[in-house]
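Mind docking chain B on chain A? Use the hints.
Chains as they are written, first to last, in our numbering: chain A, 1 to 281; chain B, 1 to 69.
Since the hints were derived computationally from the structure, they do not count as laboratory data. Hints are not guaranteed to be accurate.
Listed next, the in silico SDA-like pairs over lysine to any residue satisfying Cα-Cα at most 20 Å (straight line) [what the hints assert, rightly or not]:
no. : chain 1 : residue 1 : chain 2 : residue 2
1   : B       : Lys4      : A       : Ser48
2   : A       : Lys47     : B       : Arg5
3   : B       : Lys4      : A       : Ala62
4   : B       : Lys4      : A       : Leu65
5   : A       : Lys43     : B       : Leu51
6   : A       : Lys47     : B       : Trp55
7   : A       : Lys43     : B       : Val46
8   : A       : Lys47     : B       : Ala9
9   : A       : Lys47     : B       : Leu12
10  : B       : Lys6      : A       : Ser48
11  : A       : Lys53     : B       : Lys4
12  : A       : Lys47     : B       : Val46
A partial selection of chain B residues facing chain A, derived with a Cβ cut-off under 7 Å [what the hints assert, rightly or not]:
no. : residue
13  : Ile19
14  : Val41
15  : Leu49
16  : Gly52
17  : Trp55
Every residue, glycine too, gets a C-beta built ideally from N, C-alpha and C.
These are the residues of each chain, in order.
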Amino acid sequence: MIEYLVFAAVFGLLLLGVHRKVIARIQTRPGPPVWQEILHALKFSFKSTWVPKTASGTLYVAVVLIGIGIWSAALFVVLAGESILILFAIYMLHKVVEHGYGLSSGSPYGKFGGVRSVISAASEIPLFVTIAAIHLFTGSLILRDITAYQGIHGPLLLIAPPVAIAMYIVVLSKMPYGPFSIVESKELVSGYKTEHFGVWRAGLAVTDGLKTFVLLYAFVAIFIGAVPFWAALVIMTAVLISLSFVCAITPMLSPFDSVTIQGLITGLMLVYVVCLWWVMP
Amino acid sequence: MIMKRKTIAYGLAASAIGIVVAWAALAAAIIPPFAAAMVFVIAFPVLVLFLGLWWRAPGGEGDIPFIGY
Chain A
1 MIEYLVFAAV FGLLLLGVHR KVIARIQTRP GPPVWQEILH ALKFSFKSTW
51 VPKTASGTLY VAVVLIGIGI WSAALFVVLA GESILILFAI YMLHKVVEHG
101 YGLSSGSPYG KFGGVRSVIS AASEIPLFVT IAAIHLFTGS LILRDITAYQ
151 GIHGPLLLIA PPVAIAMYIV VLSKMPYGPF SIVESKELVS GYKTEHFGVW
201 RAGLAVTDGL KTFVLLYAFV AIFIGAVPFW AALVIMTAVL ISLSFVCAIT
251 PMLSPFDSVT IQGLITGLML VYVVCLWWVM P
Chain B
1 MIMKRKTIAY GLAASAIGIV VAWAALAAAI IPPFAAAMVF VIAFPVLVLF
51 LGLWWRAPGG EGDIPFIGY
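Excised from the complex, chain A in its bound form (with noise of 0.2 Å):
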C-alpha cells in the first residue's frame, strides 16, 4: 500500500509538470520540463528550513502534516471503493487546511490567501448537487456499487452528462493556474503557500501530487468506471490535458466572479436533479 502512495505522489507531481508544460506550449512559451514539479519536490526537501518567527509553529508544521494525511487517507478509500461521501469530505477538510496554512504563517499574503480560500468554497456547492445526482442513478455511494452499476449500464458520463461537467468544473477548481485558483493568486505572491518555503513547501507538493492523483483517479471511477490501471492513468492524462486548455485560454477569474459563476453552476445542478427526482421511478 506504501508503494500505492508513493506512486500516486510521484504520478501526481508528473501530472502538474504536463499541466504547466500544455498550458505553456498553448501560450507558445517552451515552458518547464514534464518533470519539473517533482524536481520542484525534491529541491524544497534540501532547502534550510526554519519557522517565520511571525508564525503559529504548532499550526504551521501540523497543517502540512494534516494536508498529506487526508489525501493520503483518501487515495486509500478510493483504491478500497469505498464511500464518496467520505472522499468528498476529506476534499472539504482540504478547504480547513487552506486556511491553516494562510492563518498560521503570520505573512498578510497567507492571511489574504486563506480568506479567500473560504470564499472558494462556493466550489464544493456544486459537488453536493453531483452526489445527490450520483444516488438517484446508482441508489449508493460506495465507489464498488458505482462502477457495478456502470458495469450494467454504461458510463455515468454519457448516462448523466451534466453531472459529469459539475464535477469537472470542481477538479478544475483545484487545478493550479485556472479561472478559479484564486487561493493562489499571483497578485498574493503565492496565496496561502507563501510562507512554506523549504521542507515545507516540499510537503506542500507532495499534498498537491496527491490531490491531483486522487481527484482525477475519482472522476474516472466515477464517471467511466472500472477499467484497468493503466487504462485510468491514461484516461487521468488525457482529462488532465483537457483541464489544462481550459486553464491556458481561461483569465483568472476575480473572487466575486469566481463564487458568481460557481453559484450559477449549482442552481443549474440543482434545476438538473429536481427534474430527475421527478421523472426517475
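Quick look at chain B alone, frame taken from chain A:
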C-alpha cells in the same frame, strides 16, 4: 523554533519503522488493510517532512516573513 537533530532522527526512525512494520504485518495477513492504511496515513506525512528536516536539520534562525516589495 528549531528542532534538535536528535529529535528529528527519532521521528524519522519511528515513522520509517512504523511503515515497515505495518507493511510486513499486512503482507503476513496479521493486520487488516484498514489498520495498515491508518498507520500509513499517520506515518507517511511524518516520514516525508522529517526526511527533509533530517537532511537540513541545522536550519537557521526564524525571521520576519516577506511582507511586500
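Against the structure, the hints come out as follows:
1. B:Lys4 to A:Ser48: 14 Å, holds
2. A:Lys47 to B:Arg5: 15 Å, holds
3. B:Lys4 to A:Ala62: 18 Å, holds
4. B:Lys4 to A:Leu65: OK: Lys4 of chain B and Leu65 of chain A at ~19 Å, within 20 Å.
5. A:Lys43 to B:Leu51: 13 Å, holds
6. A:Lys47 to B:Trp55: 9 Å, holds
7. A:Lys43 to B:Val46: 18 Å, holds
8. A:Lys47 to B:Ala9: 17 Å, holds
9. A:Lys47 to B:Leu12: 18 Å, holds
10. B:Lys6 to A:Ser48: Holds, because 17 Å separates the two Cα atoms, which is no more than 20 Å.
11. A:Lys53 to B:Lys4: 17 Å, holds
12. A:Lys47 to B:Val46: With a Cα-Cα distance of about 17 Å, the restraint between Lys47 of chain A and Val46 of chain B holds, given a limit of 20 Å.
13. Ile19: 6 Å, holds
14. Val41: 5 Å, holds
15. Leu49: It holds, given that the least Cβ distance between Leu49 of chain B and chain A is near 5 Å, below 7 Å.
16. Gly52: Holds: closest Cβ of chain A sits about 4 Å from Gly52 of chain B, inside 7 Å.
17. Trp55: 6 Å, holds
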